[in-house]
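Enquirer: Going line by line, the protein sequences match chains P and V. If you want our numbering, it's the 1-based position in the first sequence plus 1. If you want our numbering, it's the 1-based position in the second sequence plus 99.
These are calculated hints, taken from the structure and not from any lab test. Possibly wrong hints are sitting among the right ones.
Cut-off 27 angstroms, straight-line C-alpha distance, at most; resulting in silico cross-link-like pairs (BS3-like, lysine-lysine) [unchecked claim]:
hint : chain 1 : residue 1 : chain 2 : residue 2
1    : V       : K346      : P       : K79
2    : V       : K423      : V       : K346
3    : P       : K152      : V       : K323
4    : V       : K264      : P       : K79
Covered stretches of chain P, going by a simulated chain V footprint (3 or more residues, C-beta under 8 angstroms) [what the hints assert, rightly or not]:
hint : stretch
5    : 74-87
6    : 105-114
7    : 140-147
8    : 150-161
A quick note: this is a predicted structure, and the numbers were derived from the prediction, not measured. For every residue, glycine included, the Cβ atom is placed at its ideal position computed from N, Cα and C.
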Amino acid sequence: MTDVQDQSPVADAPPPPETVANIVSFRDAPLYDGPVVPLAGFGAASNAAAVRLDPGDDARGLIPHLGGLRLIEVSFPKYRDGRGYSSARILREAGYTGELRAAGDVLIDQIVFMRRVGFDSFAPAKPLDRACVDAALARFPFVYQRAADDKRPVWALRHG
Amino acid sequence: MYRYDGYDQAIVDARVAEFRDQVQRRLANEITEDQFKPLRLMNGLYLQLHAYMLRVAVPYGTMSGTQLRMLAHIARTYDRGYAHFTTRQNIQFNWIKLAEAPDLLAELATVEMHAIQTSGNCIRNISSDQFAGAAADEVADPRPYAELLRQWSSFHPEFSYLPRKFKIAVIASDTDRAAIQLHDIGLQLVRRDGDLGFKVWVGGGMGRTPMLGHVIRDFIPVAKYLSYCEAILRVYNRFGRRDNIYKARIKILVHEIGAAEFTRQVEAEWAEVEPLALDAPAAEYARIVTQFAEPPYDLAASDSIDRSDPDFAVWLDQNVHRHKQPGYAIATISLKPIGGIPGDASAGQMDLIADLAERYAFDEIRVTHSQNLVLAHVRKADLYAVWTALAAAGLATPNLDLVTDIIACPGLDYCALANARSIPVAQRIAERFTDLARQHDIGELKIKVSGCINACGHHHAGHIGILGVDRKGEEAYQLSLGGSGAEDASLARIIGPGFSEAGVVDAVEKVIETYRAVRTGPAERFLDTYRRVGEAPFKAAVYGVPA
Ligand code: HEM
Ligand code: SF4
Numbered sequence: 002m003t004d005v006q007d008q009s010p011v012a013d014a015p016p017p018p019e020t021v022a023n024i025v026s027f028r029d030a031p032l033y034d035g036p037v038v039p040l041a042g043f044g045a046a047s048n049a050a051a052v053r054l055d056p057g058d059d060a061r062g063l064i065p066h067l068g069g070l071r072l073i074e075v076s077f078p079k080y081r082d083g084r085g086y087s088s089a090r091i092l093r094e095a096g097y098t099g100e101l102r103a104a105g106d107v108l109i110d111q112i113v114f115m116r117r118v119g120f121d122s123f124a125p126a127k128p129l130d131r132a133c134v135d136a137a138l139a140r141f142p143f144v145y146q147r148a149a150d151d152k153r154p155v156w157a158l159r160h161g
Numbered sequence: 100m101y102r103y104d105g106y107d108q109a110i111v112d113a114r115v116a117e118f119r120d121q122v123q124r125r126l127a128n129e130i131t132e133d134q135f136k137p138l139r140l141m142n143g144l145y146l147q148l149h150a151y152m153l154r155v156a157v158p159y160g161t162m163s164g165t166q167l168r169m170l171a172h173i174a175r176t177y178d179r180g181y182a183h184f185t186t187r188q189n190i191q192f193n194w195i196k197l198a199e200a201p202d203l204l205a206e207l208a209t210v211e212m213h214a215i216q217t218s219g220n221c222i223r224n225i226s227s228d229q230f231a232g233a234a235a236d237e238v239a240d241p242r243p244y245a246e247l248l249r250q251w252s253s254f255h256p257e258f259s260y261l262p263r264k265f266k267i268a269v270i271a272s273d274t275d276r277a278a279i280q281l282h283d284i285g286l287q288l289v290r291r292d293g294d295l296g297f298k299v300w301v302g303g304g305m306g307r308t309p310m311l312g313h314v315i316r317d318f319i320p321v322a323k324y325l326s327y328c329e330a331i332l333r334v335y336n337r338f339g340r341r342d343n344i345y346k347a348r349i350k351i352l353v354h355e356i357g358a359a360e361f362t363r364q365v366e367a368e369w370a371e372v373e374p375l376a377l378d379a380p381a382a383e384y385a386r387i388v389t390q391f392a393e394p395p396y397d398l399a400a401s402d403s404i405d406r407s408d409p410d411f412a413v414w415l416d417q418n419v420h421r422h423k424q425p426g427y428a429i430a431t432i433s434l435k436p437i438g439g440i441p442g443d444a445s446a447g448q449m450d451l452i453a454d455l456a457e458r459y460a461f462d463e464i465r466v467t468h469s470q471n472l473v474l475a476h477v478r479k480a481d482l483y484a485v486w487t488a489l490a491a492a493g494l495a496t497p498n499l500d501l502v503t504d505i506i507a508c509p510g511l512d513y514c515a516l517a518n519a520r521s522i523p524v525a526q527r528i529a530e531r532f533t534d535l536a537r538q539h540d541i542g543e544l545k546i547k548v549s550g551c552i553n554a555c556g557h558h559h560a561g562h563i564g565i566l567g568v569d570r571k572g573e574e575a576y577q578l579s580l581g582g583s584g585a586e587d588a589s590l591a592r593i594i595g596p597g598f599s600e601a602g603v604v605d606a607v608e609k610v611i612e613t614y615r616a617v618r619t620g621p622a623e624r625f626l627d628t629y630r631r632v633g634e635a636p637f638k639a640a641v642y643g644v645p646a
């Protein structure tokens with residue numbers, strides 16, 4: 002058996018093609034749909050309003066530029082690569098309030114966590130059914146820890 | 100013991116309902132096995148050689164009689180009448196049917212148990228000292244802090260897709276009964292100037308590249324340990340390797356960048372997150388600590404024990420430890436009968452132990468990382484009654500920490516990753532040393548057997564470690580010496596070429612006879628002798644080369 006510890010065979014699937022057609026949004030404001038530059042090209046074009054972070058990119062590098070950004074897209078080439086969760090939270094902790102989009106291999110089972118770390122729009126490679134997304138988000142009544150959303154952890158609820 | 104409130108219960112119930120949906124979708128073929136696999140793994144359900152295996156969390160190894168009785172019921176109803184306690188203080192059921200798994204989890208939830216995060220690349224069950232709350236040498240009960248970690252790590256949104264699994268252990272004594280230096284994070288509760296805090300180790304682990312943890316902080320106040328762990332996990336999540344599954348544990352990151360640089364990064368991250376109010380308030384600590392309050396001890400309990408039954412006296416000397424409360428003792432129930440499967444218990448045995456715990460031990464049972472069970476608070480006056488009942492059920496083997504108290508992983512009998520069987524090797528060794536007088540003469544000796552390089556059987560930490568390997572399609576075994584998972588942690592070293600099953604049992608016996616010949620006296624443990632004389636005499640005895 003080559004499979005280590007019964008892990009998902011999905012793990013090594015090639016990154017799915019990205020489309021921007023199926024965006025699921027939790028923002029009131031209209032979505033940004035202009036050009037998105039990769040972080041590497043951002044320095045040269047730092048008047049760009051949208052930037053893409055790949056898993057290995059350092060989100061903290063964007064902190065000086067947050068004021069001018071309308072969209073930060075965090076790419077998830079494989080759902081199992083969880084670096085983008087930290088990127089999102091770091092950006093929200095730094096005060097970014099613009100659109101934060103998770104793009105790529107974004108599945109229904111990750112949405113709850115992604116919302117909690119601060120993503121407010123999703124560009125899944127495979128379309129997601131909005132009703133399923135809302136059901137998943139409504140499933141768990143309480144959370145145990147503070148994150149980048151406004152949910153109060155149970156320790157806060159317990160002690161008023 | 101910690102009891103769920105409405106919040107805890109609602110979260111666990113929601114998880115059961117979610118999994119029920121997922122299983123239904125799978126059984127109706129609405130999702131493929133590939134899509135279902137990560138979902139079931141997040142609920143502790145593995146596909147093994149012959150059936151599904153379900154791993155149920157026993158948080159920090161503590162459970163009540165009601166919970167143990169539920170595990171017995173599950174063994175009877177959903178499995179073949181027995182179950183297996185693991186080296187991470189959990190319990191595994193080996194013969195589970197997928198369609199029944201949701202009902203099983205729903206039953207578990209009625210007694211405040213779950214299988215959440217018992218597999219997957221997330222923070223796993225928090226383990227602890229099986230003598231917590233009873234040990235004379237602890238600064239405070241470590242379990243409230245383990246419970247708070249359990250809550251903090253459950254469904255952690257940022258740390259559920261880590262590079263690899265993540266294991267945390269918490270203790271509160273200088274004596275390490277939880278192998279903290281072999282965990283991703285090891286926490287030791289200490290007191291400094293009257294305040295409680297943690298000494299923090301990071302980067303220990305077994306698997307194919309065993310490493311001992313590094314101390315990255317001597318003291319983090321308890322009020323801040325959650326945000327400190329958050330910082331450690333974030334550094335790992337961002338920078339741990341994801342290109343190679345065998346290099347993805349935090350130990351490799353710490354090793355590659357060095358403990359000093361890793362520490363610097365954690366401290367820098369902590370400076371970022373510490374002000375974000377991630378730590379629970381003092382009231383929450385107090386709420387949890389209260390639930391681990393000392394049981395209502397009988398203050399008049401007698402400190403003397405009637406040793407007139409010689410078999411009882413042997414068990415007393417081997418399996419019973421000192422308790423911090425006068426008149427009480429800690430009794431370890433060996434799940435290592437000679438010829439048995441290490442760590443297995445039948446439903447009937449579990450029921451009996453649950454009864455004994457309720458009657459004699461303030462309704463608490465502990466699981467140890469060496470796959471035994473513990474009644475942590477037994478009145479000395481009740482020990483004889485407890486022993487009598489255990490003995491009648493085959494549970495009074497007086498072999499704690501002796502040569503027959505062997506840790507063994509499931510191996511080729513169950514595990515899809517195995518190279519070789521582990522259980523039969525443990526059984527053959529135990530049978531070779533059945534004679535109790537001989538076991539006692541050998542003294543403390545920890546043999547640990549893994550069926551493959553993943554090291555679930557802790558062979559790297561064995562005084563004698565045995566590793567199953569594949570030798571041209573044949574099961575073979577490598578012998579290593581000198582490991583320890585205790586406070587004097589060290590990694591065992593392979594002493595030479597491998598053996599067949601029969602050969603490795605003979606080799607173990609030669610090693611042990613060599614020890615008896617070269618030790619300074621019976622007080623010198625095998626491990627200490629090995630450390631003093633090195634491997635040469637053992638190698639000579641096993642391979643016939645001159646010392
Ligand atoms: C039967 C199914 C099991 C499978 C497929 C399995 C798989 C694995 C794998 C792949 C590793 C290596 C992880 C790594 O180094 O990254 C591992 C480590 C480990 N497993 Fe298991 N295991 C199983 C059962 C068990 C059992 C029954 C126990 C307890 C008796 C156990 C305890 C451990 C421990 C303590 C480690 C070492 C952790 C470390 O490397 O720090 N496992 N397991
Ligand atoms: S050590 Fe190997 S054989 Fe044993 S349980 Fe772990 S993965 Fe299976």
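Enquirer: Decide, hint by hint, whether the structure agrees.
Expert: Status of the hints after comparison with the structure:
1. K346(V) / K79(P): 18 angstroms, holds
2. K423(V) / K346(V): 43 angstroms, violated
3. K152(P) / K323(V): 21 angstroms, holds
4. K264(V) / K79(P): Status holds; Cα separation ~17 angstroms.
5. 74-87: Held - the stretch 74-87 of chain P has 7 residues with a Cβ nearer than 8 angstroms to chain V, which meets the minimum of three.
6. 105-114: holds (count 4)
7. 140-147: Since three or more residues must qualify, the claim that chain V covers the stretch 140-147 of chain P holds, with 8 doing so at under 8 angstroms.
8. 150-161: Satisfied; 7 residues make the cut.
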